[in-house]
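Enquirer: Respectively, the protein sequence lines represent chains A and B. Per our numbering, the very first residue in the first sequence carries number 1; after that it's consecutive. Per our numbering, the very first residue in the second sequence carries number 198; after that it's consecutive.
Treat the hints loosely; a few may be bogus.
[To be verified] Residues from chain A shown here face chain B by an in silico Cβ test under 7 Å; the list is partial:
| # | residue |
| --- | --- |
| 1 | L35 |
| 2 | V48 |
| 3 | A111 |
| 4 | A112 |
| 5 | S168 |
| 6 | L171 |
| 7 | T172 |
| 8 | H173 |
| 9 | A176 |
| 10 | S178 |
| 11 | T188 |
| 12 | A191 |
| 13 | G192 |
[Stated by the list, open to error] Listed below are the simulated DMTMM-like cross-link pairs for lysine to aspartate or glutamate, each with C-alpha atoms no more than 20 Å apart in a straight line:
| # | chain 1 | residue 1 | chain 2 | residue 2 |
| --- | --- | --- | --- | --- |
| 14 | A | K100 | B | E313 |
| 15 | B | K269 | B | D220 |
| 16 | B | K297 | A | E116 |
Please keep in mind that the hints were generated in silico from the structure rather than gathered at the bench. Small disclaimer: the values here were computed from a predicted structure and weren't measured. We treat Cβ as the ideally placed atom computed from N, Cα and C, and that holds for glycine.
Spelled out from the first residue to the last, the chains are:
Protein chains: 2
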Amino acid sequence: MSTGTERRPGRPRSPAADEAILDATVDLLAEQGFLGLSVEAVAARAGVAKTTIYRRWPTKDDLLTDAVACMKGPHSEPPGESVRDDLIFMLSRVRDAWFKGRFGRLMARLAADGLERPELYRQGRERFVAPRRAAMRRVIERGIAEGGIRRDVDPEWIISLLVSPIISAALTHQDALSRRQIEFGVDTVLAGLRPGR
Amino acid sequence: MSTGTERRPGRPRSPAADEAILDATVDLLAEQGFLGLSVEAVAARAGVAKTTIYRRWPTKDDLLTDAVACMKGPHSEPPGESVRDDLIFMLSRVRDAWFKGRFGRLMARLAADGLERPELYRQGRERFVAPRRAAMRRVIERGIAEGGIRRDVDPEWIISLLVSPIISAALTHQDALSRRQIEFGVDTVLAGLRPGR
DNA sequence: GCGTTGCGCTACGGTCGCGTATCGAAACGC
DNA sequence: GCGTTTCGATACGCGACCGTAGCGCAACGC
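Whole structure, please, built from the sequences with the hints as guidance.
Expert: Here's what the structure looks like:
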């Protein structure tokens with residue numbers, strides 16, 4: 001029975017190399033995209049020989065899927081104030097994630113290359129947007145419980161309504177939404193979803 | 198002074214070849230994307246020699262920009278009934294454009310490759326989404342004039358609010374929106390934008 | 001027919017990138 | 001020190017692709 005940490009004879013593999021390779025892969029994936037990324041470039045940026053990469057991942061695809069799988073993005077819970085404020089808070093974070101830093105570029109890349117490699121995009125989506133959507137769903141459901149939101153609508157669909165302007169803007173190379181625009185979107189949707197009549 | 202139709206000596210260029218090349222280019226661009234497209238593949242699909250292509254366009258980039266520029270998409274005006282029905286009509290067309298036929302795939306490709314060639318995406322956007330947004334803007338402004346929509350909001354932003362769920366779904370490989378979802382989105386936004394209070 | 005140009009075909013030089021191979025040196029357990 | 005494995009460096013075979021060149025032949029005006 002293998003323990004997973006069984007000692008193999010010979011020189012152990014460098015964990016630093018592992019990390020450097022995965023990091024360089026994510027960087028280049030965000031910058032160049034799937035087709036534009038080359039193993040040679042990864043090796044160069046990671047300061048590593050190409051053989052060191054191929055010893056760990058048999059093919060370029062395996063490296064990519066693994067890089068996406070090992071990636072981590074920051075995630076913070078909403079402060080838990082009013083539903084409106086929480087939504088604005090979370091949507092601002094979503095906007096920052098898509099427009100600042102490398103995660104937005106990466107997700108845009110994955111979405112783009114998702115036409116070719118759907119699994120890769122699904123993976124990134126599962127990893128990044130799924131937990132944020134779950135947190136958002138809790139806020140929506142709190143709004144429903146508190147009576148501010150109609151209870152006959154699918155929370156997922158409300159989330160899409162709120163989030164899609166940001167994603168759509170990011171994916172179609174528009175400017176980032178301003179705080180006023182986010183507030184306006186939230187207010188409009190919430191006003192449209194108020195119970196009664 | 199050149200008339201533009203000046204007769205050149207020798208065998209004239211085949212217009213059929215022109216059309217076949219541009220058509221094949223658009224097809225392959227939609228299927229393979231910018232980096233995946235090869236001049237050789239275009240020649241093969243168009244049933245044309247590679248030299249015939251390079252005689253017309255000096256480089257691959259010129260061919261692509263020209264192909265996008267020459268492309269035409271169907272566009273139909275709304276029937277002009279109620280603002281709600283017109284919006285639902287137009288959004289259904291937008292959905293069809295993004296999810297059926299090759300135009301959606303093409304725009305998704307342009308958006309994806311827009312990370313690399315912003316001009317190419319801007320061009321496609323100017324050609325396809327600009328006229329539809331303009332038509333939509335007229336409907337919104339009719340709604341404002343009729344008093345069903347608050348007049349203190351930017352129509353462009355309302356359009357984004359309405360359209361982005363569709364675009365976002367298309368660009369993130371979700372299923373196409375159902376008619377009920379479109380209706381619900383329109384109703385929610387319109388309800389949130391009603392004047393008063 | 002003649003000159004000119006377009007067309008299809010084949011071939012070529014050049015670049016890039018994947019994945020493999022080899023080789024000397026280094027890092028481990030024993 | 002020894003065997004084993006990893007590491008960096010270099011080179012290689014192979015294929016894909018860009019853009020060019022040459023060669024017959026076809027299509028046009030004169």
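Enquirer: Against this structure, judge whether each hint is valid.
Expert: For each hint, the structure was consulted:
no.: 1; hint: L35; in the structure: holds (4 Å)
no.: 2; hint: V48; in the structure: violated (25 Å)
no.: 3; hint: A111; in the structure: holds (6 Å)
no.: 4; hint: A112; in the structure: holds (3 Å)
no.: 5; hint: S168; in the structure: holds (4 Å)
no.: 6; hint: L171; in the structure: holds (5 Å)
no.: 7; hint: T172; in the structure: holds (6 Å)
no.: 8; hint: H173; in the structure: holds (5 Å)
no.: 9; hint: A176; in the structure: violated (13 Å)
no.: 10; hint: S178; in the structure: violated (10 Å)
no.: 11; hint: T188; in the structure: holds (4 Å)
no.: 12; hint: A191; in the structure: holds (4 Å)
no.: 13; hint: G192; in the structure: holds (3 Å)
no.: 14; hint: K100(A) <-> E313(B); in the structure: holds (18 Å)
no.: 15; hint: K269(B) <-> D220(B); in the structure: holds (11 Å)
no.: 16; hint: K297(B) <-> E116(A); in the structure: holds (18 Å)
Hints 2, 9 and 10 from the earlier list are contradicted by this structure; the remaining hints agree with it.
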